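Asker: These protein sequence lines are chains A and B, in that order. FYI, in the working numbering the residues of the first sequence are 1 to 201. FYI, in the working numbering the residues of the second sequence are 1001 to 1305.
In case anyone wonders, no lab produced these hints; they're calculated from the structure. The model shown is predicted, which means the values in this text are computed figures rather than measured ones. Don't take every hint at face value.
What the hints assert, rightly or not - Below, in silico cross-link-like pairs of lysine-lysine (DSSO-like), each with a Cα-Cα straight-line distance of 27 Å or less: (1) A:Lys41 / B:Lys1077; (2) A:Lys172 / B:Lys1077; (3) B:Lys1303 / A:Lys112; (4) B:Lys1095 / A:Lys172; (5) B:Lys1101 / B:Lys1088; (6) A:Lys112 / B:Lys1077; (7) B:Lys1095 / B:Lys1057.
To be verified - Here are the simulated distance ranges between beta carbons: (8) B:Met1190 / A:Phe20: 49 to 59 Å; (9) A:Phe100 / B:Trp1249: 25 to 35 Å; (10) B:Pro1264 / A:Ile177: 36 to 46 Å; (11) A:Thr62 / B:Asn1055: 52 to 62 Å; (12) A:Asn33 / B:Glu1291: 33 to 43 Å; (13) B:Ile1177 / A:Ile183: 40 to 50 Å.
Claimed, not checked - Per the computed footprint, the stretches of chain B lying under chain A, defined by three or more beta-carbons under 8 Å from a beta-carbon of chain A, are: (14) 1059-1067; (15) 1073-1079; (16) 1103-1114; (17) 1168-1177.
C-beta: ideal position from N, C-alpha, C; glycine also.
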Amino acid sequence: MFSTKNFNRSKPVLFILILFPSLLWAYQFVTGNLGVNPIEKLMDELGLMALRLIIITLMITTLSNIRPLKSIVVLRRMIGLFAFYYVCLHFSTYIVLDHFLDMQFIIQDIIKRPFITFGFISFLFLIPLASTSTNNMIKRLGFKLWKRIHYLIYPVAILASMHFYVLVRADKTEPVIYMGIIILLLLHRIFKRLTRPQLVQ
Amino acid sequence: MKILGSEITPYKTYLNRRKFIKGSLASAMLATVTSSAFANHDSDLSIYTKNLNENDKLNSYEEITTYNNFYEFGTHKKHPHLNSGNFKPRPWTIKIDGLVKKPQTFDLEKILSNVTIEDRVYRLRCVEAWSMVIPWQGFQLSQLIKMAEPLSSAKYVQFVTVFRPEEMPGQQKRTIIWPYREGLRMDEAMNPLTILATGLYGHEMPNQNGAPIRLVVPWKYGFKSIKSIVEIRFLDTQPETSWETLAPWEYGFYANVNPNVNHPRWSQGTERRIGEFKRRETLMFNGYEEEVAHLYKDLDLTKFY
Chain A
1 MFSTKNFNRS KPVLFILILF PSLLWAYQFV TGNLGVNPIE KLMDELGLMA LRLIIITLMI
61 TTLSNIRPLK SIVVLRRMIG LFAFYYVCLH FSTYIVLDHF LDMQFIIQDI IKRPFITFGF
121 ISFLFLIPLA STSTNNMIKR LGFKLWKRIH YLIYPVAILA SMHFYVLVRA DKTEPVIYMG
181 IIILLLLHRI FKRLTRPQLV Q
Chain B
1001 MKILGSEITP YKTYLNRRKF IKGSLASAML ATVTSSAFAN HDSDLSIYTK NLNENDKLNS
1061 YEEITTYNNF YEFGTHKKHP HLNSGNFKPR PWTIKIDGLV KKPQTFDLEK ILSNVTIEDR
1121 VYRLRCVEAW SMVIPWQGFQ LSQLIKMAEP LSSAKYVQFV TVFRPEEMPG QQKRTIIWPY
1181 REGLRMDEAM NPLTILATGL YGHEMPNQNG APIRLVVPWK YGFKSIKSIV EIRFLDTQPE
1241 TSWETLAPWE YGFYANVNPN VNHPRWSQGT ERRIGEFKRR ETLMFNGYEE EVAHLYKDLD
1301 LTKFY
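Let's have the full structure, built from the sequences with the hints guiding it.
Answerer: Here's what the structure looks like:
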């Protein structure tokens, strides 16, 4: 049995571990060690990291159903906020480094290219999630409403994986794996929902 | 000035240069060591830079040989460089068939002894909206077509890449339908800009760039420039091409570089020149409008993209 205390203790280590890649990539970018097409590389790495973190937050909820891991849920907020952090870096790399703040072009790009549309909506949906991720907010909104808002993580995850899927030209194995994991996690939730009311009765 | 680097190096000079490179320490290291040693390649860049357009700069050998789309060696840009070590580009033959006087198989050495190798400095524009400037060595495809003696009924040329899954690990997975196929209309194939390249920067063609012989069609997106060619077929109908078969709504047979025709995944209005920070405008026909626009004067380029 892992206690809340155990998980809370691991937080500083996790914090550094998850933050570290962004610092490394920033350093490599500045020193010219991100390969031949550094902007593309930076954007890909940041985006992939964000998608993985989003999936991990979904996994945490599922894992917390297992008795001994019940308290793992205390890690979810930090990882979710890190996902938002990486999405922001990913998006600003696209805006600033890739397109040099050419807003007219960027708006066209978001409207015209489905994969960018998916990514952008996913980013928009993450904003209310991130901005309500404090204890105070939960109190102010009430747990029920807060929880409802946070159901947005499902479209976020689906759109983010579609964003990746459509981007890949030929070998779609990796995005399909991520989509598969997301679908399994969602199915598990639906299954739980369907079985719960009977227990209450 | 729209000069296209068609400065001719006589074959003998080319061979001499080749010998010099072979003898140099740099190339001895080149066989065994990775990219950092590549910096020491050929001596005199002025051979190539004099053929450059004023707005272009040569990409480095390292850039050209470590960032490739060659799915036969894997789908990541670094895979061809990392996974092509076991590929054996010699001995090599090219099978000529279809609508020709006499189907036959040419030894690559025989082809090379019958053609003039030239330096051609071309822009390469990938459909993924990045580009490079590459100093190729090669010869006009038209020279080989003349050797092949196609019948007058031949309207198209199809090219086929080698299929060797044991040497090309990407082919062990069905990412696209192997072998890779490409095609050109006869007049495109005969255009003086269209070359078969056998080297770059004075080196034998590196495996990751399509050794030992590949097509270069500088006014079309990079995927048209098929690599490691083993078969050339002359046809009277438009041949199937790999990317068009895989996703016809994304890739057309013509695939001319065209900033005005959008791709569902990439805007084709701008491009990132590898090595540059800011994007640059993409030029119509990749800047070769003067040389090739007449080929398409009766064609609706938004329909035949």
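Asker: If a hint holds in the structure, say so; if it does not, say that too.
Answerer: So, going through the hints one by one against the coordinates:
Distance restraint check for Lys41 of chain A and Lys1077 of chain B: the Cα-Cα separation of roughly 10 Å lies within the 27 Å cut-off, and the hinted pair is therefore satisfied. Restraint check: the Cα-Cα separation between Lys172 of chain A and Lys1077 of chain B comes to about 15 Å, which is no more than 27 Å; the hinted pair holds. For the hint pairing Lys1303 of chain B with Lys112 of chain A, the CA-to-CA distance comes to about 18 Å; that is within 27 Å, so the pair holds. A C-alpha spacing of about 33 Å is found between Lys1095 of chain B and Lys172 of chain A, which places the hinted pair above 27 Å, so the restraint is violated.
Proximity of Lys1101 of chain B to Lys1088 of chain B is assessed by CA-CA distance (about 31 Å); at most 27 Å being required, the pair is judged violated. Between Lys112 of chain A and Lys1077 of chain B, the direct Cα distance comes to roughly 26 Å. Compliance with the 27 Å bound is thereby established for this hinted pair. Restraint check for Lys1095 of chain B and Lys1057 of chain B: not satisfied, since their Cα atoms lie roughly 37 Å apart, outside the 27 Å limit. For Met1190 of chain B and Phe20 of chain A, the hinted distance range of 49 to 59 Å is satisfied, since their beta carbons lie about 56 Å from each other.
Separation of Phe100 of chain A from Trp1249 of chain B is about 30 Å and conforms to the stated range, judged on CB atoms against 25 to 35 Å. A C-beta distance of roughly 24 Å is found between Pro1264 of chain B and Ile177 of chain A, which places it outside the suggested range of 36 to 46 Å. The supplied range of 52 to 62 Å is met by Thr62 of chain A and Asn1055 of chain B, whose beta-carbon atoms lie about 55 Å from each other. Checking the proposed 33 to 43 Å range against Asn33 of chain A and Glu1291 of chain B shows it holds: the Cβ atoms sit about 39 Å from each other.
For Ile1177 of chain B paired with Ile183 of chain A, a C-beta distance near 28 Å fails the hint of 40 to 50 Å. Under the rule that three or more residues need a Cβ within less than 8 Å of chain A, the assignment of the region 1059-1067 of chain B holds, with 4 such residues. Given a C-beta distance limit of less than 8 Å, the hint that chain A covers the region 1073-1079 of chain B holds, as 3 residues qualify and 3 suffice. Look at the region 1103-1114 of chain B against chain A: 0 of its residues bring a Cβ nearer than 8 Å to a Cβ of that chain, fewer than three, so the hint is violated.
Interface restraint, the region 1168-1177 of chain B with chain A: holds (3 residues with C-beta to C-beta distance below 8 Å; minimum three).
In this structure, the earlier hints numbered 4, 5, 7, 10, 13 and 16 are contradicted, and the remaining ones agree with it.
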